[in-house]
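Spelled out from the first residue to the last, the chains are:
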Amino acid sequence: MQIEATAPISAILLFLSSMTVGAQEVDPIRGEKLFKACSNCHEVGEGAKNKVGPHLDGVFGRTAGSIDGFKYSSALKRAGEEGLTWSAESIDAYIEKPRDFVKGNRMSYRGMEKAQDRSDLVAWLERISLNSPSADINAESTSEVVGFAAAVLEMDGDPDYGEYLSGDCVTCHQISGQADGIPSIIGLPKEYFVRSLFEYKTNVRQNEVMKNRVVNLSNEEIAALAAYFTGIQPQ
Amino acid sequence: MTNFNRRQFGLMFGAGAAALALPTYLRAQGKPRVVVIGGGAGGATAARYIAKDSKGEIDVTLIDASEKFTTCFFSNLYLGGFRDFDSITHGYERLQSNYGINKITAFAKSVDKASKMVILADGSSVPYDRLVVSPGIDLIYDSVEGYSEEAAEIAPHAWKAGPQTQLLKAKLDAVKDGEQIVMVAPPNPYRCPPGPYERVSMMAHMLKAKGHTNSKIIILDPKEKFSKQGLFQEGWAKYYPGMVEWYGPDVHGGIKSVDAASGTVETDLDTFTGALLNVIPAQKAGMIAAKAGLTNDSGFCPIDAATMRSDNDENIFVIGDASIAGAMPKSGFSANSQAKVAAMIIRSELTDSKAFPAKYANTCWSLIETNDGVKVGAQYEPKDGKIASTSTFVSQTGEEDSVRKATYEESEGWYKGITADMFG
Ligand SMILES: Cc1cc2nc3c(=O)[nH]c(=O)nc-3n(C[C@H](O)[C@H](O)[C@H](O)COP(=O)(O)OP(=O)(O)OC[C@H]3O[C@@H](n4cnc5c(N)ncnc54)[C@H](O)[C@@H]3O)c2cc1C
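Taken in order, these protein sequences are the chains called A and B. Residues in the first sequence are numbered consecutively from 1, following our numbering. Residues in the second sequence are numbered consecutively from 1, following our numbering.
Think of the hints as simulated: they come from the structure by calculation, not from any bench. Be a bit skeptical, because a hint or two may be false.
Simulated pairs of lysine-lysine, DSS-like, Cα-Cα distance not exceeding 30 Å [to be verified]:
| # | chain 1 | residue 1 | chain 2 | residue 2 |
| --- | --- | --- | --- | --- |
| 1 | B | 416 | A | 114 |
| 2 | B | 284 | A | 36 |
| 3 | B | 405 | A | 36 |
| 4 | A | 190 | B | 354 |
| 5 | B | 383 | A | 71 |
| 6 | A | 33 | B | 386 |
| 7 | A | 211 | B | 386 |
| 8 | A | 190 | B | 416 |
| 9 | A | 103 | B | 291 |
| 10 | A | 211 | B | 405 |
| 11 | B | 354 | A | 114 |
| 12 | B | 405 | A | 201 |
| 13 | B | 291 | A | 33 |
| 14 | B | 225 | A | 211 |
| 15 | A | 71 | B | 225 |
| 16 | B | 291 | B | 405 |
| 17 | A | 77 | B | 416 |
| 18 | B | 354 | A | 211 |
| 19 | A | 190 | B | 176 |
| 20 | A | 77 | B | 55 |
| 21 | A | 211 | B | 52 |
| 22 | B | 383 | A | 211 |
| 23 | B | 52 | A | 103 |
| 24 | B | 416 | A | 201 |
| 25 | B | 55 | A | 71 |
| 26 | A | 201 | B | 354 |
| 27 | A | 97 | B | 416 |
Here the structure is a predicted model, which means the values were calculated and not measured.
Construct all of the structure, not just a fragment, from the sequences and the given hints.
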């Protein structure tokens with residue numbers, strides 16, 4: 001799975017030179033590479049969508065835990081309600097030690113140790129985040145996948161059946177929403193969840209374990225899984 | 001807190017046959033009881049799912065002989081130095097505190113099917129309405145002449161994880177450059193078909209990492225072919241040239257006997273000597289299965305493909321390595337998958353929850369060398385009374401490095417996932 005930032009980043013960066021924040025030299029071009037640590041879970045730039053993590057477009061100045069339709073941990077939502085907004089400083093502190101910054105938040109990212117790495121990354125993020133997220137959640141999918149997904153999204157899945165079927169999924173995808181080597185599927189937007197499954201079925205995304213499962217699932221079963229998984233909260 | 005009462009049931013036994021109906025009568029006022037024998041991949045999962053999904057309506061007791069469980073899965077990675085022993089050892093605390101499961105640390109000696117009670121080693125008994133049996137395997141030591149439980153202290157099998165695994169690791173670490181390792185591989189059916197060959201890869205990795213490239217690992221196999229053979233042989237040639245030799249029966253002509261003390265294996269072809277012998281004998285269902293009358297001539301337990309119910313007793317379900325599960329290999333993934341089907345059926349019988357058609361799955365990953373993982377897997381459904389595969393996949397030879405690395409990372413994710421699914 002390779003999802004990159006969606007804006008023409010290199011074009012923008014051509015006009016950026018190294019610059020200083022405080023006493024520190026920052027290098028946003030390095031920051032782009034460092035974003036690889038985040039890109040499995042986050043998109044940023046024009047058309048960015050929620051994935052495992054919320055999209056980071058327009059994140060500067062945004063209240064923590066405030067994107068509609070993304071299932072945040074109650075910890076992060078509470079922090080937002082208590083006034084936490086994202087700035088270069090708060091993002092820096094968050095990604096240094098995500099577990100410690102807001103206790104009980106569910107970003108399963110180990111942390112970025114080096115101060116220089118963090119400032120380079122944040123400097124890049126500041127330039128790339130445009131505050132123009134995707135209007136159409138299906139924008140990137142092939143029309144075939146969109147068609148399949150639409151049929152399932154119209155169905156009322158049986159969450160009890162979904163719960164039983166989920167037994168096969170949670171051997172790999174932890175029910176707590178933790179991700180260690182396999183992405184979390186707890187709290188994904190429903191469209192994204194269903195579309196992903198069809199992407200494995202149609203080889204738009206390639207992963208044998210996922211494909212092997214999905215080829216055995218009927219539309220009714222996918223709807224049941226979607227009803228169950230999008231109805232539970234990450235811990 | 002265990003809620004069986006030794007004195008009470010001891011007394012009832014003393015009181016004779018007429019009193020045997022009593023426990024059922026007593027329990028009729030309380031919740032239905034499920035007892036699980038074996039707290040491994042199958043048993044821990046079954047206990048957790050029944051307790052979790054019945055939301056306290058079913059009383060669940062888990063019996064395992066040990067305080068802690070060391071997974072066989074990833075024990076080869078421990079041998080290869082990719083994991084420490086603690087990271088593959090798990091406790092039952094969360095099953096007790098978060099799911100209200102009673103954990104009894106004791107060896108189950110037998111099952112009294114007529115009165116629906118499990119008898120423990122100290123003679124006390126635990127009554128059940130439904131029993132789940134997931135004892136894993138026992139080794140048939142004398143399937144290899146000269147091998148025995150005592151010989152295993154010198155020539156470890158390490159096919160049950162724990163002290164045997166640590167012994168094998170200590171012996172592996174002591175192998176000097178130029179010394180040989182001889183593995184006697186098991187005949188079918190055995191737990192974890194790719195396991196012996198992943199183990200050889202991890203032993204070779206360890207030797208190579210220490211610069212012991214003059215050492216050799218010889219595999220004496222009673223089978224003509226083995227799981228993921230092409231993938232393993234490709235990997236051995238690529239990473240460990242000249243260090244691994246595999247001999248099937250057409251080459252060695254038959255494994256005659258082993259002598260642990262002198263480190264020798266006698267075959268029709270020749271006598272092989274190793275500074276380290278790893279003998280993995282033939283296997284059968286854990287002893288309690290035969291004791292309870294659940295096995296057939298094969299030494300394993302026939303079950304109903306749609307439910308995992310024992311063919312021999314309607315109140316007993318056999319899951320994991322001990323069961324005869326059609327096309328499913330004996331693996332931790334399979335045991336975990338079968339546990340969820342049994343748990344769903346048992347709940348539906350005891351609490352009227354919904355039952356759905358059985359579906360099973362398996363995936364087995366193996367690590368060949370750092371960041372080079374391979375996998376094989378399938379989905380299964382009952383068909384004509386047997387568990388049959390509906391689709392399968394296997395890694396390909398010649399795959400790109402990035403694919404192999406992703407496969408390895410996936411296996412790490414799976415380990416976290418399945419152990420969370422077993423132990424909460
Ligand atoms: C080297 C090796 C590598 C492996 N790698 C993998 C892998 O990568 N992936 C995979 O999916 N599988 C793997 N496996 C296979 C996997 O470990 C087994 O298939 C799985 O553990 C079977 O689960 P089970 O519940 O049947 O038995 P087990 O997990 O063995 O659990 C049985 C438990 O029951 C207890 N017990 C038995 N009898 C009694 C009794 N009478 N009273 C009380 N307690 C009792 C035992 O102490 C044990 O704790 C591997 C196995 C080996 C040996």
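Item checked: Unsatisfied constraints (hint numbers, rising) -> 2, 5, 6, 9, 11, 13, 15, 16, 19
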